[in-house]
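Student: Now for the letters of each chain:
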Amino acid sequence: MNLYAIKAIYRFEMARAWRTLTQSIISPVLSTSLYFVVFGAAIGSRIPEVDGVSYGSFIVPGLIMLSLLTQSISNASFGIYFPRFTGTIYEVLSAPVSYLEIVIAYVGAAASKSLILGVIILATAGLFVDIRIEHPFWMVLFFVLTAITFSLLGFIIGIWADGFEKLQLVPMLIVTPLTFLGGSFYSINMLPPFWQTVTLFNPVVYLVSGFRWSFYGIADVSPALSLGMTVFFLLACIGLVAWIFKTGYRLKP
Amino acid sequence: MLSVSNLSKVYEGGFTALKDINLDIRRGEIFALLGPNGAGKTTLISIICGLVNASAGKVTVGGHDIVDDYRAARGLIGLVPQELTTDAFETVFSAVSFSRGLFGKAPDPAYIEKVLRSLSLWDKRNNKIMTLSGGMKRRLLIAKALSHEPRMLFLDEPTAGVDVELRRDMWNLVRGLREDGVTILLTTHYIEEAEEMADRIGVIRKGEIILVENKATLMHQLGKKQLTVHLQTPLDAVPESLAAYALERGEDGHALTYTYDTEREHPGITDLLADLNAAGIGFKDVNTTQSSLEDIFVSLVKK
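Chains as they are written, first to last, in my numbering: chain A, 1 to 253; chain B, 1001 to 1303.
What the hints contain is simulated information worked out from the structure, not anything from laboratory work.
These figures come from a predicted structure and were not determined experimentally.
There may be inaccurate statements among the hints.
[As the list claims (entries may be wrong)] DSSO-like, lysine-lysine: derived pairs with alpha carbons at most 30 Å apart:
| hint | chain 1 | residue 1 | chain 2 | residue 2 |
| --- | --- | --- | --- | --- |
| 1 | B | LYS1019 | B | LYS1225 |
| 2 | A | LYS252 | B | LYS1019 |
| 3 | A | LYS252 | B | LYS1105 |
| 4 | B | LYS1114 | B | LYS1137 |
| 5 | A | LYS252 | B | LYS1206 |
| 6 | B | LYS1105 | A | LYS246 |
| 7 | A | LYS246 | B | LYS1058 |
| 8 | A | LYS246 | A | LYS7 |
| 9 | B | LYS1137 | A | LYS252 |
| 10 | B | LYS1128 | A | LYS7 |
| 11 | A | LYS7 | B | LYS1206 |
| 12 | A | LYS246 | B | LYS1215 |
| 13 | B | LYS1114 | B | LYS1128 |
Can you build the whole structure from these sequences, using the hints too?
Tutor: Structure, rendered in structure tokens:
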């Protein structure tokens, strides 16, 4: 294992986040804080409790998950796309680095950044609403697995994209809508029966439900199913990344 | 040091970039690969360095297969790409340190300092790359390629777009590397560069290596030597008595050019001058020229 290479790429990526602190940390924390102010304090105070949890507290896991998904994708996709765009990827591809090491370094850095962001958002949420974590182990597990899975997805998008527009396409047009419609701001039990069934086809439902269960012990679907779906997405992304490297798709002509 | 056997590359669209390339590069030599644009120079280097997949064939570097034993093979190679591809926001020192890490080497600030000093970049070590001039960026790419102490260096058009002074500096640097035992493969458009530095020269055309030869032998075998006689009065035609010399009339009849082989025991120069006298043709000056590598290259790729 070329640990020096993993460390070099990881540190390079983390340094980039530090250089772009406003974009990487401050901007997502600010926008999430605004969600708390608007939905938690202003509107949330007029909404009754959901399954015994105040609305402001209820939306915390969903909001963290929203940031985790979008930031993991954004960090990882940009991390691999930018060297492709500038041409500096030649250095990584010509170095004695295995594909596994490349993925560990880029995805590890992207997941680290979004996990740090998630912790900051959790701490920020604690300033606005009461938070309790009933299943800390499962909370950390969902947290880490989701960050890794969506960083892998971001990595795939970063390799697939052939322009900055495509880089934003999946996060903006697919992930964000699915997250909003995935029970981040409501329990799917609040929906009419037909839409409850439709919603079950939204993969984000399982992520948000499992994560919320680890906080408050309430879930739209069983926690085991949530965990199973998370692991399934993780394996699917790993499979796709393995295919990319095996074929050299968009990396090696 | 480098062995390329039956290497071919056909891109997805069907374009054949390399056709059955065979090439051996000896340890410690400077090998110049010449060829017109699109001849396959960069594709060949890219395959050896792991940037492009080969369609067929085998490549070993230092005895290590570039596919089965890619770590060992790539660890021996440093690549200076043709394009000025750098991370604009990094500092010079961190960029070179990053490259060393990528190649699995422990940090060695003293060695990085040595490399940066040798390329006159030490004073710029804390500067962001975006603030460097084009020439400085070119030096930085070389520093990055040398950061892991490679045994073979690929220089893809290393002096494209750099000024004369920097070009001379780079030539000196390359010679210094060769003295340290580093094998160098360079592609260049500047024939002067190959003529100045290379031990051996390869010519690639339309994806095929059409010639590999020692520079001296190549220039000797394919280079022409010519004697030009400047006449006192112009000639309308070359006299029949001089037909054996295959003279070319030039400068509107004011000059006659004789092409000869220096290897022959009697190149025929004294005979020609005597025959000119005998024919009553007076001349006021005589000079000789030898074809450059550029002339040889142009004649080869035009075929």
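Student: Work down the list of hints and note, for each, if the structure agrees.
Tutor: Each hint tested on the structure:
1. Restraint check for LYS1019 of chain B and LYS1225 of chain B: the C-alpha separation of about 34 Å exceeds 30 Å, so the hint is violated.
2. About 19 Å separates the Cα atoms of LYS252 of chain A and LYS1019 of chain B, which keeps this hinted pair within 30 Å; it holds.
3. Restraint check: the Cα-Cα separation between LYS252 of chain A and LYS1105 of chain B comes to about 25 Å, which is no more than 30 Å; the hinted pair holds.
4. With a CA separation close to 17 Å, the supplied pair LYS1114 of chain B and LYS1137 of chain B stays within the 30 Å bound.
5. Between LYS252 of chain A and LYS1206 of chain B, the direct Cα distance comes to roughly 22 Å. Compliance with the 30 Å bound is thereby established for this hinted pair.
6. Taking the CA atoms of LYS1105 of chain B and LYS246 of chain A, the gap is about 26 Å. The hint holds against a cut of 30 Å.
7. The hinted pair formed by LYS246 of chain A and LYS1058 of chain B meets the criterion: a straight-line CA distance of about 19 Å does not exceed 30 Å.
8. Distance restraint check for LYS246 of chain A and LYS7 of chain A: the Cα-Cα separation of roughly 24 Å lies within the 30 Å cut-off, and the hinted pair is therefore satisfied.
9. Taking the CA atoms of LYS1137 of chain B and LYS252 of chain A, the gap is about 25 Å. The hint holds against a cut of 30 Å.
10. A distance of roughly 21 Å separates the Cα atoms of LYS1128 of chain B and LYS7 of chain A; the hinted pair therefore holds under the 30 Å criterion.
11. At most 30 Å may separate the alpha-carbon atoms for a hinted pair to count; LYS7 of chain A and LYS1206 of chain B exceed this at roughly 42 Å.
12. Note on LYS246 of chain A and LYS1215 of chain B: the hinted pairing is violated, with a Cα-Cα distance of about 41 Å set against a maximum of 30 Å.
13. The hinted pair formed by LYS1114 of chain B and LYS1128 of chain B meets the criterion: a straight-line CA distance of about 19 Å does not exceed 30 Å.
Comparing the model with each earlier hint shows violations of hints 1, 11, 12; every other hint is respected.
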